[in-house]
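Peer 1: Given next are the chains, with one letter for each unit.
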Amino acid sequence: MAFEGLAERLQSTIKKITGKGKISEQDIKEMSREIRLALLEADVNFRVVKDLINRIKERAVGQEVMESLTPGQQVVKIVRDELAELMGGENAKIAVGDRPPTVIMMVGLQGAGKTTTSGKLANLLRKKHNRKPLLVACDVYRPAAIEQLKTLGDQLNMPVFSLGTDTNPVEIAEKAIEKAKEDHLDYVIIDTAGRLHVDNELMTELTEIKEAVEPEEIFLVVDAMTGQDAVNVAESFNEQLDITGVVLTKLDGDTRGGAALSIKAVTDKPIKFAGMGEKLDQLEPFHPDRMASRILGMGDVLSLIEKAETTVDQKKAKELEEKMRSMSFTFDDFLEQMEQVKQMGPLDELLNMLPGAGKMKGLKNAQIDERQLSHVEAIVKSMTKKERQNPDIINASRKKRIARGSGTTVSQVNRLLKQFNEMKKMMKQMTNMQKGKKGKGFKLPFM
Amino acid sequence: MSFFDKLKKRFNNEENEEQVQEKYKEGMKKSRGAFSGRINDLIARYRKVDEDFFEELEEVLITADVGVTTVMDLVDELKMEVKRQNIKDTEQIKDVISEKLVDIYYGDDDPEIETLNIQENGMTVILVVGVNGVGKTTSIGKLAHQLKQQGKTVMLAAGDTFRAGAIEQLEEWGKRADVEVIKQSAGSDPAAVIYDGIQAAKARNVDVLLCDTAGRLQNKVNLMKELEKIKRVIEREVPGAPHEVLLVLDATTGQNALSQAKTFSEATDVTGIVLTKLDGTAKGGIVLAIRKELDIPVKFVGLGEQINDLQKFDASLFVYGLFADMIEEEA
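If you read the sequences in order, they're chains X and W. The first sequence begins at 1 in the working numbering and counts up by one. The second sequence begins at 448 in the working numbering and counts up by one.
The hints are simulated quantities; they were obtained by calculation from the structure and are not laboratory data. A couple of the hints might just be wrong.
[Said to hold, decoys possible] Straight-line C-alpha distance at most 30 Å; calculated BS3-like pairs for lysine-lysine:
#, chain 1, residue 1, chain 2, residue 2
1, X, K127, X, K179
2, X, K400, X, K385
3, X, K279, W, K672
4, W, K526, X, K57
5, X, K279, W, K709
6, W, K667, X, K128
7, X, K29, W, K535
8, X, K279, X, K425
9, X, K381, W, K672
10, W, K759, X, K150
11, X, K386, X, K425
12, X, K400, X, K381
13, X, K128, X, K181
14, X, K175, X, K150
15, X, K29, W, K672
16, W, K759, W, K622
17, W, K667, X, K127
18, W, K495, X, K57
[As the list claims (entries may be wrong)] Cβ-to-Cβ under 7 Å is the rule here; a few derived chain X residues that face chain W:
#, residue
19, A84
20, V140
21, T226
22, G227
23, D229
24, D392
[As the list claims (entries may be wrong)] To list a few chain W residues with every Cβ distance to chain X over 10 Å, as calculated:
#, residue
25, A491
26, E506
27, D512
28, K526
29, V529
30, T562
31, K599
32, T608
33, D697
34, S712
35, D716
C-beta: ideal position from N, C-alpha, C; glycine also.
Next comes chain X alone, as it looks inside the complex (with noise of 0.2 Å):
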């Protein structure tokens, strides 16, 4: 499928032009076609496709080519620097009321994922800020989305306010907002009805909820696969109740979330934060340089450089360099290695980000099964010190002890004593062809 980056949609067009100094009108002519059509192809509205080439085109004819780049290398980075800039900085600040509750309003259409990220941002408001929220269900249209949000209240232990589905909304609002007063709870995060924003009703109701509790926040929520339409809906929801931040929902998906970009350009409104995941704590901070490489289809590079930097402990890497090299690793280093792992995050999250992981075959869509590293773990946790520290003790008895202490079967235990060992000579192996030079790191067989 046409799925692939610009970086690669580039490469016929650069093998014409390498061996130039300077960017020439010529070049950028050829180039822009591709360009256009790797922003069209991430769902960026063409207008905003437009505006870009036309800013590209001009910054960079005539660009003198840096030492280290090809031309094409250059006009990549040209275009991301460009996308980076139009998205703006970080900002995933939350404002503050001058006198508690603060009421944060969210808005969008139908599906977008108003009720679950009203949920996840309580739980990060009461997590990261420590603050106590509100959530109030002011969604009597659609079917059991009071339900919803009661049970994801359960869920997180938060307070849920709703007066049925008989109640005005603007009057659900309202008495929420004396409840939290009531209560002493500092946020109220109302969650409002999806529907289409060419719905004047709906957009009535809204302004009429916006005008009775004059929110701190309005946060737009939509849907990161969001096609060409993303335009209309901003600038519909934007117009009528001026929003002041924009959720990023469902980015944990293979969309290249083009929408991001036309969202930005048409409301000039930050996006604040991106939901990852189902689960109640996946709503992380939006990074909109990363976005940029994202939509060019560049890999997450700078997100997978940045996470090991702060999991990994250089000192205990250097460790176990020197256990490697002298052959003395044993399964507790394993063990510490896989914590360390798991603590920079999902592994297919992980894989996800590497640039290229998508060329490769094997590795297109692997999913590492988070399940068989617990097992792994289960099988290293119930072997002895004396196991752990010198495997080739262990014996057919002791792998049968070994099996039912992880509730694992003997073929899995020899499979990961066999894996181990072969672990141990490729590690050999490689920490040879460093020898000389100074190697930082190294991967795992199941990275």
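Keeping the supplied structure of chain X fixed, place chain W upon it in accordance with the hints.
Peer 2: Chain W only, in chain X's frame:
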């Protein structure tokens, strides 16, 4: 006879379909407006058919989310056609454009591809799949109502055991359509719920069993495996089932819809698409690309929030929906 005349004639002939036609026209009013307006505008501005004209035509089609590859192919074909027929005037190309669009959709197939495969004898099992928030449960509710109106006995199986409130939502639709809902508690194994549904449907001699599933993004391999398992359970319990696997797509979705259709097909052999939320400004043009590249037909479109706003898909009507202003203008 021009293509538009043919289309128009079709509508005039089928008076019993008038209501359906009205629904399409009303529902797609917002989708259509901008689209046909822009094509008209384009044709008015460009007298000559040249490269610039085609470039802008590309853009108009892309705004409808038709999909870049499909648009490129279409434009290439148009260019050939223009050469062949020696068309110089943009007015003449109007016909060719819409003809090609319907052509992409039908190809050599007969229009029967939109009909739901309902068994004459014995039970029909329909599995409904899709990503989060596209309107699976709502579509099931509407479909249940429709089948009930046709005199079928219908049962629903609440296979979305994951999302908060999903079971309650389906129950509410069950009440509205007056059909029975088979459920277990939230968090239980969806395949087990579907199994229960099949047993209950068999025991009560139900005509059609509609199986709801939890929304899932198509790149979550483990969740897609769960879907494969659900399908296996259905295959095992009812020979020849599922008779239909319907993928629900949100019309506002862009190019990712193609990836959705592809991956869900790999897991469950999707037999048809339900295109929802077409009553907004989104045009859902991606279904043309899906049909072209993956050969999956659209069976229903959602044109509103009411229980009877689910309509059988008709490509001519769909294109008519996009071009209606132009057709009527010509008359």
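Peer 1: Is the interface hint for X/D392 satisfied, with its Cβ closer than 7 Å to some Cβ of chain W?
Peer 2: violated, 36 Å
Peer 1: Does W/S712 sit more than 10 Å from chain X, CB to CB?
Peer 2: Holds, because the least Cβ-Cβ distance between W/S712 and chain X comes to about 12 Å, which exceeds 10 Å.
Peer 1: Given the hinted pair X/K175 and X/K150, is their alpha-carbon gap at most 30 Å?
Peer 2: holds, 17 Å
Peer 1: Checking one constraint from the list: CA of X/K127 to CA of X/K179, max 30 Å. Satisfied?
Peer 2: holds, 22 Å
Peer 1: Does the CB of X/G227 sit less than 7 Å away from some CB of chain W?
Peer 2: holds, 3 Å
Peer 1: For W/D716, which was marked as not at the interface, is the minimum beta-carbon distance to chain X over 10 Å?
Peer 2: holds, 18 Å
Peer 1: Tell me if the straight-line CA distance from W/K667 to X/K127 falls inside 30 Å.
Peer 2: holds, 27 Å
Peer 1: Would you assess whether W/K526, listed as outside the interface, keeps its beta-carbon beyond 10 Å of every beta-carbon in chain X?
Peer 2: holds, 16 Å
Peer 1: Is the claim that W/V529 lies outside the interface with chain X correct, judged by CB distances over 10 Å?
Peer 2: Check passes; 20 Å lies beyond 10 Å.
Peer 1: Are all C-beta atoms of chain X more than 10 Å from that of W/T608?
Peer 2: holds, 12 Å
Peer 1: Quick one, are X/K279 and W/K709 close enough, alpha carbons at most 30 Å?
Peer 2: holds, 26 Å
Peer 1: Regarding the pair X/K279 and X/K425, is the alpha-carbon distance no greater than 30 Å?
Peer 2: Distance of about 39 Å is beyond 30 Å: violated.
Of the hints listed earlier, those the structure fails to meet are numbers 8, 10, 15, 19, 20, 24, 26, 27, 33, in rising order.
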